[in-house]
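Below are the chains, spelled out letter by letter.
4 protein chains.
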Amino acid sequence: MRGFAMLKIGETGWIEKPKPVAGPYDAIVAPLAIAPCTSDIHTVYSGAIGERHNLILGHEAVGQVVEVGKEVSYIKAGDRVVVPAITPNWRTLQIQHGVPHQHSESLLSGWKFSNDKDGVFAEFFHVNDADMNLAKLPNEISLEAASMMPDMMTTGFHGAELANIQIGSNVAVIGIGPVGLMGVAGAVLRGAARIFAVGSRPKCVELAKFYGATDIVNYKNGDIVQQILDLNHGQVDHVIVAGGNESVLGQAVEMLKPGGTIGNINYFGEGKTLDIPRLAWGCGMAHKTIYGGLCPGGRARMERMIAIVLAGRVDPSKLITHPFKGLEGVEKGLNLMKDKPAEVVKPLALI
Amino acid sequence: MRGFAMLKIGETGWIEKPKPVAGPYDAIVAPLAIAPCTSDIHTVYSGAIGERHNLILGHEAVGQVVEVGKEVSYIKAGDRVVVPAITPNWRTLQIQHGVPHQHSESLLSGWKFSNDKDGVFAEFFHVNDADMNLAKLPNEISLEAASMMPDMMTTGFHGAELANIQIGSNVAVIGIGPVGLMGVAGAVLRGAARIFAVGSRPKCVELAKFYGATDIVNYKNGDIVQQILDLNHGQVDHVIVAGGNESVLGQAVEMLKPGGTIGNINYFGEGKTLDIPRLAWGCGMAHKTIYGGLCPGGRARMERMIAIVLAGRVDPSKLITHPFKGLEGVEKGLNLMKDKPAEVVKPLALI
Amino acid sequence: MRGFAMLKIGETGWIEKPKPVAGPYDAIVAPLAIAPCTSDIHTVYSGAIGERHNLILGHEAVGQVVEVGKEVSYIKAGDRVVVPAITPNWRTLQIQHGVPHQHSESLLSGWKFSNDKDGVFAEFFHVNDADMNLAKLPNEISLEAASMMPDMMTTGFHGAELANIQIGSNVAVIGIGPVGLMGVAGAVLRGAARIFAVGSRPKCVELAKFYGATDIVNYKNGDIVQQILDLNHGQVDHVIVAGGNESVLGQAVEMLKPGGTIGNINYFGEGKTLDIPRLAWGCGMAHKTIYGGLCPGGRARMERMIAIVLAGRVDPSKLITHPFKGLEGVEKGLNLMKDKPAEVVKPLALI
Amino acid sequence: MRGFAMLKIGETGWIEKPKPVAGPYDAIVAPLAIAPCTSDIHTVYSGAIGERHNLILGHEAVGQVVEVGKEVSYIKAGDRVVVPAITPNWRTLQIQHGVPHQHSESLLSGWKFSNDKDGVFAEFFHVNDADMNLAKLPNEISLEAASMMPDMMTTGFHGAELANIQIGSNVAVIGIGPVGLMGVAGAVLRGAARIFAVGSRPKCVELAKFYGATDIVNYKNGDIVQQILDLNHGQVDHVIVAGGNESVLGQAVEMLKPGGTIGNINYFGEGKTLDIPRLAWGCGMAHKTIYGGLCPGGRARMERMIAIVLAGRVDPSKLITHPFKGLEGVEKGLNLMKDKPAEVVKPLALI
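Residue numbers (my numbering), protein chains in the order written: chain A, 14 to 364; chain B, 14 to 364; chain C, 14 to 364; chain D, 14 to 364.
Only chain A is shown next, with the shape it has when bound in the complex:
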């Protein structure tokens, strides 16, 4: 079969590989819609997860099941499914201990696509534990909306969950790429009142307002911390970090109230350390929580994303600015993301 792969650090291309084989609990899926992600860029061009050869890229997919293992009972061949980016092994001692399922075997072990195994940018891809990891897609939901569930929605919403937002809280969301935009939507879903969205690209600003931001903070107008302190007449209750470099946690700590929480969903691809400012963190005594985590996956989470869309709470399809037709679209999409012209939020390949 054909797949779009990382050939080595800094290089991509189309390769041929054998069609994957389903174990007794697994499924083989053919993509219906697949989306490239900034983390694919990190993987290929920053070497963020180290060297890989001929690894098929991609972890955001909606697809149709073509084959299931003999122990699979809920999922059937022919089902249209949402495929979470995170597909853990659910039967582990760590889960019993309360470790989040994203790390059910070890740190980040739930992230398998385009990391431990081939990703979804191919004619077919493999899904472990299909009954526990795949959600059936209702007909009422478009492929565009559904394709934002595997990563964008679940990650952005997780930022709001991690930040522990309460009804009437004021919230800063740093970064309004597609994940940050879903962070804004997630903040609304947890009851945020005022939302300070930090970003500058016009299309992103427009969407941030669409998803519920009340104030836009542009770094071009000065220090973002000071701007937010001024607009809010003081520190905010919660911060969602969805972008920025290794100093962004420091900015988050500085704009955050004692007792507040930072929910980080940013993937830090570079640097040896992330820095917490000693004084703003109260010399260790400020009760400012620094928290961050990989997005939830699995079937139940995807079913909740589906339920949110069915209930009309959020329309994630607005994120897609650049739809392409055919499997080849992922290459065009990925190149777009690499170059990041201002008007791109999220490309999508519809197969």
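Don't take every hint at face value.
[What the hints assert, rightly or not] Mimicking DSS-like on lysine-lysine, the simulated pairs with C-alpha atoms at most 30 Å apart in a straight line are:
1. 222/D <-> 83/B
2. 338/D <-> 149/C
3. 30/A <-> 285/A
4. 285/B <-> 233/C
5. 351/D <-> 338/D
Read the hints as simulated data drawn from the structure, not as lab findings.
Given the coordinates of chain A, assemble chains B, C and D onto it according to the supplied hints.
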């Protein structure tokens, strides 16, 4: 001054009383908009809090400050303010122990209006600890919207808070009077996907849909528990109880998943006990939490209600179906609530 | 093989059954120490779980593995293991949704022994998902101590967990049979300061003090609620309910502070409803949480019980007042529990 | 009156000041027992809170009330009281918003002694809001034990609270000075099983074992992270940070499980930033919570410390290795702490 009072159990009327006096931390407020509440009905006609003589009724008010005590610094005479139904003493040992402020001195002690002291249905009323209990009303917000903050919004939202709703949860809201309707809005604010609203009056059903209910369950169509189990293909994640008699907790337990939470905001006015069904509660072992509480009050909570309305998240003014002009409107409104014709949701007197 | 069974409601006896067979993930275990439990009494003599014929009783066991299925890797034949009373299926959608594992498939579905299948009072018994449900027993721990882990320790400690005890809290523990005694120990493990233990039998009183009770409240000396209010100069922060009939939740509500939590671990075997007193529950608005749940099981929980004993935090072997030798001891033990002479806390059969 | 003061950065001495005056809610207290603290050393010799002139030092005291303001009702002249290091203003908007009381007005604003105003190393000292901040000392408790409550106990226990320890957790405690030792005791109070205490001084090691450490990890034997990973066969569930420099959070992150929590009670006196290792923090996605906070103060907290000692759960008096007689003892004690000979844990001046 003139006030509309409970003369004794079962009887109301207009009385004259001396204008209240402000202690050093207090304020005297003249109402701008006041709303009668079902609990006023309970107080007068069911004797729910026991006998009272010539007690001025009412606990939902927006007003203008006419006088403040010498220790009051934030609030000034002339300020337009939202007055929470619950005005606790905030400097108590119980608060240090983490007891909710509604009970900061003893059970329900934060509920002072028309309970421990005269209520707000008068030319003037007294507010304890003005700096800690009054929130300034911005000009952008209508009196109609503001008048729903002291009780309806904060109570309904508290139902969603108590029920511990998560993103994508399915939720049942039992009772869609004005508090239940704000329970629906609160469920949306906490991320509920599907919301089953239990009620029958057409105006309430219309508003339930407006505030975010996805499904309406009418007891006239059969057992509400069974209807919800059928619609949801199983038990729900959370239940907000905002109406019903002493058997409603039992219904809530029956429609609730193991691990789920009931958030009760219903005022139970009658009966010696409330009943939990032994088997549906897993013989004591179902991990179904039964929780309920008086609405949060105080300045910060009212400021959060204001922030929610300013951010455009919820428009509570839609609750008001019967506005009246003048102080006398509270009598008309209360009589309406007593007789409860089908089209009444919430009356309001604009002074 | 031989097993001690419930023949029908009200009748027990020894029966012969085929040795159970291990599926690919299962283990067959021979008991080393088994303990009868009050719930065996409920099962047989109150018909608490309905009629059963020739069902082997028992759910508290330490044993030696004699055979494992082909997919089992951690557990080996010959291992000495602690067998939790609760052995769920860990790979379920409900667990993904955050439902406690005790109900991973449906209400109480984790409770399999002597409920859905034969129990442990036999020459051999079957354990589902051995790698996820069995914990290896270190040599340093006696069989007496280990045999209190499957139910007594995990249940009693769960009472303290459910009651959400904080450092320096005062706590009432209603009922000081073996589960209530572990509730006392659990309260100490969560930081309780003063612990009011409600009971009367001298041996239990002695052990309650040993495990950390500071005050003993005997119902023979008057109303237990009033006694605790007097001793504590007010309501307590938390209540663990580990005994009592259908009115005990009401007593718990009455002795509990607003904002406090009841952790129920009592198995309510009779009655249609459990009663919450309307007024003490603040007419629904007291913020008093009523919570209760089946004990946690599984391998990780048992490993935590083992770790607690290894660290010397609690010595559960003191619970055993009546050790017997041989499989037949379970019949003697069960009869003892049935008649409940004052000096019995917990019998044990050492095989 | 006489007091022992910081004259300027790097210099201490005895000074004369007027006796403080009680406002209407305040008390004036004469010390019965006062203890120097490492943070006094930081204040004087590192200039950790900036330059101060003639500021009386000290924040750990038990005393006798000599005078109260006219609004004080619970506390009377003559009462023996425990004086928390943290004495907040309890009637603030931030407290309504759920900000921890330690920051009730602004970051660390609850820390007043020897920071915003004169400390307790004097013949008399001033306590704001006496009824809310002072706890009466029962006769059964020694001055030695009581004097460890204002800071050592509440801080150490807070480490365990912040780290969110569960029953049967394994925990690392980095640093076993007096605060870390109370961190060990706090971990036991929250149910820790295995406790890895990191330290080297023999007296501290002895006390760590006394308070419940099961394993001692000495940095002289190699990298502490690796030692703990080896002993624990993997990462720990929780880490209490009670010592170390700006790289200690990094060590904590490295030894911590995904899903685990760091509870920092270390006062970081130096450096611009604290460093989080990017990879061990899962590139931002490890679900490892970094949390830290100033110790709780106020009357209720001190009453809980008293209750813990009365119940016999912890004996904090063992911390005191160097008792002195008379007010002058604080100078001797402080000098001891400055030089930190190996056998010093905590000095105390008994007046």
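Consistency of the hints with the structure:
no., hint, verdict
1, 222/D <-> 83/B, "57 Å, violated"
2, 338/D <-> 149/C, "55 Å, violated"
3, 30/A <-> 285/A, "36 Å, violated"
4, 285/B <-> 233/C, "26 Å, holds"
5, 351/D <-> 338/D, "19 Å, holds"
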